[in-house]
Structures are given as C-alpha cells and as structure tokens.
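S.K.: Take a look at the letters that make up each chain.
Protein chains: 2
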Amino acid sequence: MALVASVSDNKQIQPSIQSLVELVTGGMEEVNQIILAKAGSNVELIPEIAKHLISSGGKRLRPMLTLACADMFGYQGTGHVVLAASVEFMHTATLLHDDVVDESDMRRGKLAARKLWGNQASVLVGDYLLGQAFKMMVDVGSLEALRILSEASAIIAEGEVLQLGAAKNILTSEEDYLRVIDAKTAALFAAAAEVGPVIADQSAEMKAAARAYGRELGLAFQLVDDALDYGGSSADLGKQIGDDFREGKITLPIVLAVERGSDDDRAFWKRCLEEGKIEDGDLDAAIERLRKVDAIADTVQRARDYGANALKALEKLPAGPHNDALAEAVAFCISRVS
Amino acid sequence: MALVASVSDNKQIQPSIQSLVELVTGGMEEVNQIILAKAGSNVELIPEIAKHLISSGGKRLRPMLTLACADMFGYQGTGHVVLAASVEFMHTATLLHDDVVDESDMRRGKLAARKLWGNQASVLVGDYLLGQAFKMMVDVGSLEALRILSEASAIIAEGEVLQLGAAKNILTSEEDYLRVIDAKTAALFAAAAEVGPVIADQSAEMKAAARAYGRELGLAFQLVDDALDYGGSSADLGKQIGDDFREGKITLPIVLAVERGSDDDRAFWKRCLEEGKIEDGDLDAAIERLRKVDAIADTVQRARDYGANALKALEKLPAGPHNDALAEAVAFCISRVS
Chain F
146 MALVASVSDN KQIQPSIQSL VELVTGGMEE VNQIILAKAG SNVELIPEIA KHLISSGGKR
206 LRPMLTLACA DMFGYQGTGH VVLAASVEFM HTATLLHDDV VDESDMRRGK LAARKLWGNQ
266 ASVLVGDYLL GQAFKMMVDV GSLEALRILS EASAIIAEGE VLQLGAAKNI LTSEEDYLRV
326 IDAKTAALFA AAAEVGPVIA DQSAEMKAAA RAYGRELGLA FQLVDDALDY GGSSADLGKQ
386 IGDDFREGKI TLPIVLAVER GSDDDRAFWK RCLEEGKIED GDLDAAIERL RKVDAIADTV
446 QRARDYGANA LKALEKLPAG PHNDALAEAV AFCISRVS
Chain R
146 MALVASVSDN KQIQPSIQSL VELVTGGMEE VNQIILAKAG SNVELIPEIA KHLISSGGKR
206 LRPMLTLACA DMFGYQGTGH VVLAASVEFM HTATLLHDDV VDESDMRRGK LAARKLWGNQ
266 ASVLVGDYLL GQAFKMMVDV GSLEALRILS EASAIIAEGE VLQLGAAKNI LTSEEDYLRV
326 IDAKTAALFA AAAEVGPVIA DQSAEMKAAA RAYGRELGLA FQLVDDALDY GGSSADLGKQ
386 IGDDFREGKI TLPIVLAVER GSDDDRAFWK RCLEEGKIED GDLDAAIERL RKVDAIADTV
446 QRARDYGANA LKALEKLPAG PHNDALAEAV AFCISRVS
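The listed protein sequences derive, respectively, from chains F and R.
If you read the first sequence in the numbering used here, its first letter stands for residue 146, the second for the next number, and so on.
If you read the second sequence in the numbering used here, its first letter stands for residue 146, the second for the next number, and so on.
Please note: incorrect hints may appear among the correct ones.
Note that identical chains are pooled: a pair holds if it fits in a single copy or bridges any two copies.
As the list claims (entries may be wrong) - Below, computed lysine-lysine pairings styled on DSS-like, alpha-carbon distance capped at 25 Å:
| id | residue 1 | residue 2 |
| --- | --- | --- |
| 1 | K313 | K260 |
| 2 | K260 | K394 |
| 3 | K415 | K394 |
| 4 | K422 | K313 |
| 5 | K204 | K255 |
| 6 | K313 | K415 |
Please keep in mind that the hints were generated in silico from the structure rather than gathered at the bench.
Using the sequences provided together with the hints, build the complete structure.
M.R.: This is the structure in structure tokens:
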C-alpha cells in the first residue's frame, strides 16, 4: 500500500502533459482522422511518407495548443479541429524540409524520411502538405486565422534561412540566435495558440495573451531541446545526444560557451562546428567545456525564464482546467531537462 | 519600301505576346513593384535569391493571365495585381524546388539558384516565397481565390511527386504523363486565369471558361516546351537543347517514341533515360529516333489541339482586345516550335 501511495504521489509531483492530452482527447481523435484523410492522395508516395511521419510519434503539442486555446472559451464548432490539423501539417512540412536542409539521418529516433525516400520526395511531399494545410484553413473560412498562419509560414522559412547563415559561424550572438528560434520554432507555437481565441471569436486581449503564451512556451521548448542535445537522455527526445554537435548547429549552449570561453575553447568550437572536423571523444570534451562555463545550466535557466513568461500570459486567459493543463505543459517542458 | 512593307507584314503574321504585354503593362508594373517589395527581408539571402530569379527574365505569362482575365471584365480594384504577384511567387517557389529535385544546373540560360547558393537555400527561400504568396492572397481577402490557389499549390506538388515516380520509367503511359503535366503545369495556368473573373465577381460560367482557357493553354505550353527540348533553338527557351534528355525526364516525345519504337529503340531509351548512361552523339541519335516515329511532330500536334481547346474556351469570354490578346498568346505559344 505504501508503495502504491508513493508511486501515486510521484506521479502528481512530476509534471506531465497528461491532463492536457486528456482534456483534448476527443478533438485530437478528430485531428488524427483529418490528418490521415488529407494526407491521402492517388500518388502513393504521399500517404506513405505522411504516415511514416505521423506514426513516428511526435507529441502533437502544437495542435493540442490550438484545441485547448479554443476549448477554454467554450468554443462549440469544428473549425478548431481543422485548424489544429493544418498546424500539424505545417509542422510536418517543416520537418521534412528541415531534414533535407540539415542533412539529418534520424528524426525522433527513426530514419529520417529523406534517408528512406530521398531528398527529392521530402521536398515535394513537404510542399504537398503545406498546400493541403492552406486548403484546410480556407475550408475553415476565417481570414484572420489564415493571416496568422500564413504569416507564421513565411516567418518560419525566414528563420530557417537566417539559421543557414548562422550555421557555420560560432560568433553568432545570443541576440541573433534568439531571433532564429523566435522565427523557426516560437512563431508556430504562437500562431497555433492564437488561432484558438480567433476561431472562438474572442477579444484582441485574449488573442494577444494566447499568442504570448504560445511564443514563450515555444522559446522555452527550443532551449530545452538545445540543452538536451548536450545532456538529456536520447529516450526522452527520440534523438541521440550530440546530433546538433555533429551537424555543426550553433545553439544557445554553444553561443554562451564561445562568449565565455578561452582562446583554446574557441579554437575547439571552430574546429568542430565550423570546420566539421570531429574526432573520437570530442562530444564528451564539448559537454565538459560547456559545463565548465555553465552554458547548459544557463540555457536551462533561460528556458525557465521563458516558461515563467508563459505562465504570466496564462493569467490573462480564463481560469479553469484548460488553463491548469496549459500551465502544467510548461512545467512538463522544463522538467524534461531538469 | 517593298522591303519595309514585307517586314511589317511578317510582323503581323508572326504571332506574339506583345499585344497582351501592352494591354497589361500598367498592372504588370505594379506586380513587379509588389514582387520586389514582398521578396524583401532582413535576411539578406532572401532578396538576393529572389532578385536573381526575378531578373532572370521569365515571360511572366501566368500573372499576365490573371490581369487580363480580370481586366476583360472591366475590373477596377487592385486585388488582381496582388493575386497576380502571388501567382508569380508560387511559380518562382516551384522553380526553386524543381531545380533542387531535378538537380538542374541551368535555369533560363543562367546558373540555377541551387548552383549559386546551394540546395538548402533554394528549398528554404522557396518556402518563404510560398508563405509570402499566401499572405498576399489573404490581404486580398477573397476566400474563393484563396481556395483556388491553395488547391493549385497542393496539386502542383502532387504532380511533381507523380513525376518523380515516372522519372526513371520509360514505360510511362501517355495518360500518366498527361496527368503529370495537368498537375505540375496546367493547374497554375488554370488557377491564374480563373482568379481573374473571381476577383471581378463574375458568374460561375465565366470562371469556368477562364479556368478552361488557362488549363488548355498550360497543357499546350508544356508540350511545346517538351518538343523544343529536342529541336527548338536554345535562344528561344533560355535552356539548352537536350536538358530533359540529360536529366532523364520522361516527356511526351519519349512516351510516343517508346510506344512506337522497336526493341532496339527501347533499349536505347532505357540506357539513356533509366540508366543515365549517355555517350557522345546520343542526343543527336535520340532526335533522329524521335523524328523517325514522328514523336516530335505529334507532340506539337497535341499542343495545337490543346491550343484549339483554349481558343474555344475564349469564345465564352467577353469579346474585345483582351480576348484577342489571349488568343494571340495561344498562337504565340505554338509558334515557338513551328
């Protein structure tokens, strides 16, 4: 009995997205059905690749944000479900193109689509999913939601181009890096949350609060991801530790380590990330150099700060189970790395 | 005097898109301004690549269709100009992604963007332009135009995936090939024309006629392009003869030649196009084999048939200078190869 009680206590202490999942479970079933239907095509390769991605088990955090941010206002229509599905399609299209651009081999612990079907198919199926996403938004008929999501689409691509420029430059500033993740990650989180009150026909204040919540959560989420790449467990993230390192990605831990490091540190980062000359033991050495200057801990601290901002934004939104679940999602996001 | 008269006669006999260009010249200036403004970004690489494409001198046939098909109804607003610019952005995004997928080295007689800036930038800047295109459509505020253009966007990508599957298969049927070009080329011509009467608030009959005109013109245009690759002058097309051949593209001339050829012919096409084993003199041999079975002439004849359908669709649209200019554009398109 004592053991059971203790396990149950632990479950309550450890933040989880379970309450969010449970609150939107009905809506997410509809989202999944729409996704499978709209990823269909007479052109075989399209559903094949789409199903590979869909079944590869992302958390579907973005569409859940859309549903929760509409449901919290008692929205009774079906538009939020279609918008949530198009948000997930936009995200999936981005992943397909990202893997091509980053020359990634793995995605969520599985072979990336580009390794299975080639870069060409990944580019084109991404385009198809993006086209389908816009068609679905048009079906919903809200020009405001269309404006928000098409704006996000352009901003995400702009962020990716910006990252491309920064990719091989260890002197990327913290400010520049934050611009990148604000665009490539936080913009879709922000849009996904904002279209909730939009479709529920709420005030500008509610839309701004939902948008702010999504954006701050997205920033926190990305920084946790960055930190995990140098210290989390691969089971958590569905990717191996050191992926960013091997791909020469400049992330916040690196930016901080370069700023704070010695000439010897900078030479190390330059060789590994700019020149791509990585030898056995370099990943361990990288983690050691990051720890020495608190680069991982401070990245996590930044994530906490953004998480706190997300909670502040939530205070402006209606209290209730959805609000509580969205707050727990912030804690869950941070807890992945703590 | 006789000489001058004769030259002037020739000019009238030779069809041209000059009258279309002149009719929409004011609108196209606005389109160009919008294109330059919307291709702008703080991220340097984006305007750099966009300007390279924009200045590389396509004919801008698609946005001209949008303008002419709105102007012919006396449309007085500015929505057609913005829609025309978004049509051109959609087209430019497709070109960027196409070059990556086809591994092309040249585009309109210039180095392809991917050769200058890399595949990664081409994928991402394409995504950015597509996002901007949707933002611009949202600004216009016509959900019907948005539906038509987002549908076209998904269909184009679907056609490209289909073509990918057919790319290395010389047994592609004529029907399958027509499905590919209907999607990857004709769909955007059809949408570009249809949004003219849509923004001018015309009847379903007018929209259908404009759509049919655009589609049939698009099919004719693509087949002429296919034929030119095996016999036109490179100056006409801005690409060298034999690009499709070297890239192993299965186009209508090949489909017809395989259907009609001997075992020896099929072995030749298989070696060159499926296996990519091309030797000196093979392009000349290919053209000879195509001519022997009338594959180029019959491709041109198919283009003429689609052109005739386009003219029939025009008969349902209002008579006047725009109608005349659109008819001449059909004749011009065919004349490139005759």
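S.K.: Look at each hint and say if it fits the structure.
M.R.: Do the hints match the structure? See the list:
1. K313 with K260: Cα proximity of K313 and K260: in one copy and across copies (23 Å, 19 Å).
2. K260 with K394: both (20 Å within a copy, 23 Å between copies)
3. K415 with K394: within (12 Å within a copy, 42 Å between copies)
4. K422 with K313: Answer is within; shortest intra-copy Cα gap is 12 Å, inter-copy 37 Å.
5. K204 with K255: within (15 Å within a copy, 44 Å between copies)
6. K313 with K415: For K313 and K415, the Cα distance is within 25 Å only inside one copy (9 Å; across copies 42 Å).
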